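Please model the complete structure; the sequences and the hints are all you need to start from.
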Amino acid sequence: MNKQKLQQPFSLNEQVTLQNHIVMSPMTTWSSHADQTVSNAEVTYYGARATSVGMVITGSSHVQENGVGFANELGVYADRFIPGLTKLARAIKAGDAKAVLQLNHAGNKALPQFISNHDVVSASPVTAPETPFAPAQTPRALTETEILQVVKDFGAATRRAIEAGFNGVEIHGAHGFLIQNFLSPHYNQRTDQWGGSLTNRLRFAMAVVDEVKRVAAEYADRSFIIGYRISLEEREADGLSLTDTEALIKQLITKKISYLHLSLGDALTDHEHNSEDTTPFIQRISKLVNHRIPLIAAGSFNSFARMEKGLASGLDLVAVGSALVAHPDLFSQVKLPLILSANGVDSIDLPKNMFEAIKRIGAFTFQFTE
Numbered sequence: 002m003n004k005q006k007l008q009q010p011f012s013l014n015e016q017v018t019l020q021n022h023i024v025m026s027p028m029t030t031w032s033s034h035a036d037q038t039v040s041n042a043e044v045t046y047y048g049a050r051a052t053s054v055g056m057v058i059t060g061s062s063h064v065q066e067n068g069v070g071f072a073n074e075l076g077v078y079a080d081r082f083i084p085g086l087t088k089l090a091r092a093i094k095a096g097d098a099k100a101v102l103q104l105n106h107a108g109n110k111a112l113p114q115f116i117s118n119h120d121v122v123s124a125s126p127v128t129a130p131e132t133p134f135a136p137a138q139t140p141r142a143l144t145e146t147e148i149l150q151v152v153k154d155f156g157a158a159t160r161r162a163i164e165a166g167f168n169g170v171e172i173h174g175a176h177g178f179l180i181q182n183f184l185s186p187h188y189n190q191r192t193d194q195w196g197g198s199l200t201n202r203l204r205f206a207m208a209v210v211d212e213v214k215r216v217a218a219e220y221a222d223r224s225f226i227i228g229y230r231i232s233l234e235e236r237e238a239d240g241l242s243l244t245d246t247e248a249l250i251k252q253l254i255t256k257k258i259s260y261l262h263l264s265l266g267d268a269l270t271d272h273e274h275n276s277e278d279t280t281p282f283i284q285r286i287s288k289l290v291n292h293r294i295p296l297i298a299a300g301s302f303n304s305f306a307r308m309e310k311g312l313a314s315g316l317d318l319v320a321v322g323s324a325l326v327a328h329p330d331l332f333s334q335v336k337l338p339l340i341l342s343a344n345g346v347d348s349i350d351l352p353k354n355m356f357e358a359i360k361r362i363g364a365f366t367f368q369f370t371e
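Per our numbering, the sequence shown runs over residues 2 to 371.
Just so you know, these hints were derived from the structure itself, not from any lab. As the structure is a prediction and not an experimental result, all values here were calculated from the model. You may find that some hints are simply not true.
Said to hold, decoys possible - Result set (DSSO-like, lysine-lysine): computed pairs, CA atoms no more than 27 Å apart in a straight line:
id: 1; residue 1: K288; residue 2: K310
id: 2; residue 1: K257; residue 2: K6
id: 3; residue 1: K6; residue 2: K94
id: 4; residue 1: K88; residue 2: K353
id: 5; residue 1: K214; residue 2: K257
id: 6; residue 1: K288; residue 2: K214
id: 7; residue 1: K214; residue 2: K153
Put into C-alpha cells, the structure is as follows:
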C-alpha cells in the first residue's frame, strides 16, 4: 500500500506541524499508580509509540476527584500530578510527536469505589446503564455552583498540562461522560440555564471550551493545541441526535478549536442509526466542517489501506488505537497479526495492567495488515 500521504507532515495550524497524518488514539491504560500518578510503565508505553505518529493523545485524565472513569486512571486535579505528567510529556515529545493530554470528567459513568462518599454526579439524576467498566447507577444532580467549579477545574487541569510540558489538551466530550451528559436530552432533565433547550444543553460544553481557551491564552503560547472529542449520537430514543451534534460542531468551529475528533466504531462505514441515509458520518461531518478546522476520526484503522481511505474520505488525520497497542512501530518492515499474550507484553512495552484489562473485556487479538 502506498503510505506516502500518511507519512507526509501535516500542518495542524500556522504554529504546529505534525510529522505525519497519524494520531495515537486516546486509550485507557489502567496503569497509573494507586494514587493516580503516572507510572513508569505508562511512560515507556507512550514513548515507544510516539515515533510512529504525529500526535499522541493520552487516555483520559480526570479533572476532579469524583470524575474518575477507570481504575488506575491518570489524575490531573491537583498539582501533585505535575511531576509525573512532566515525565510523560517528555517521553512522548522525545519521539517527535506532539503530546496532548485528554481531560475528562466521567459524570454518571464515574467509579464510586474511587470517590469520596461514593458521590457520583451528573447533569440530572437519570440512571446510567451498566457498562463493562461502571455499574448501573443514579447520579446526584450537580448544583449550579458545582457546575461552575467543574468548568474552572477543566481550566486548572489545562494549566497543569501546560506546566508539565504538554503541547495541548483534548476535551473529552464523548462516550457518555459528563460533557455529553449535559448535551443529551435523555440524561439532562434540568430546567435551569444548563438544561432544556439545545442552546442551554450546549452551555456547559461551551463554558468548558471557553475556560480552557482562557487558561491557554494566559499560560501558553499560540501553538498550544485544544482539541475536542465527540460521539455523534446516542441510541436512546430521546438521546443525543445527529442534529444536536451538528449544532455542537458549528459552535466548536466558531470557537476556533485546534481540531475535532470523532469517536466511531468503524470510521469508514458508521452512519446515522434509524435513518435511510447511510452516508458515512465522516463524509457528512467533513462536508459540514468544510476545512474550517482539522478533522480526526478513530474507528478500526487497522491497515494502511483503511487509513488512506479515511484521508480520501475527508479526514485530515486518522486516529489509530489497537494497531498501535500491538505494533508500537507501525512502519516497521515486518507486520504479522499479533495475538496478545502475557509472555509477549514486554516485547511491545505493553503495561501488564493494560493487558489484563484487555483480556477481561475479551479483546484478545489485535491485527494489523498492509
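Here is what the structure says about each hint:
About 16 Å separates the Cα atoms of K288 and K310, which keeps this hinted pair within 27 Å; it holds. Restraint check for K257 and K6: the C-alpha separation of about 26 Å stays at or below 27 Å, so the hint holds. Restraint check for K6 and K94: the C-alpha separation of about 22 Å stays at or below 27 Å, so the hint holds. For the suggested pair K88 and K353, the alpha carbons sit about 20 Å apart, so the restraint of at most 27 Å is met.
Simply put, K214 and K257 have alpha-carbon atoms about 10 Å apart, close enough for the 27 Å limit, and the pair holds. This hinted pair checks out: K288 and K214 have alpha carbons roughly 26 Å apart, not beyond 27 Å. Using a Cα cut-off of 27 Å, the hinted pair K214 and K153 holds, with the two alpha carbons roughly 12 Å apart.
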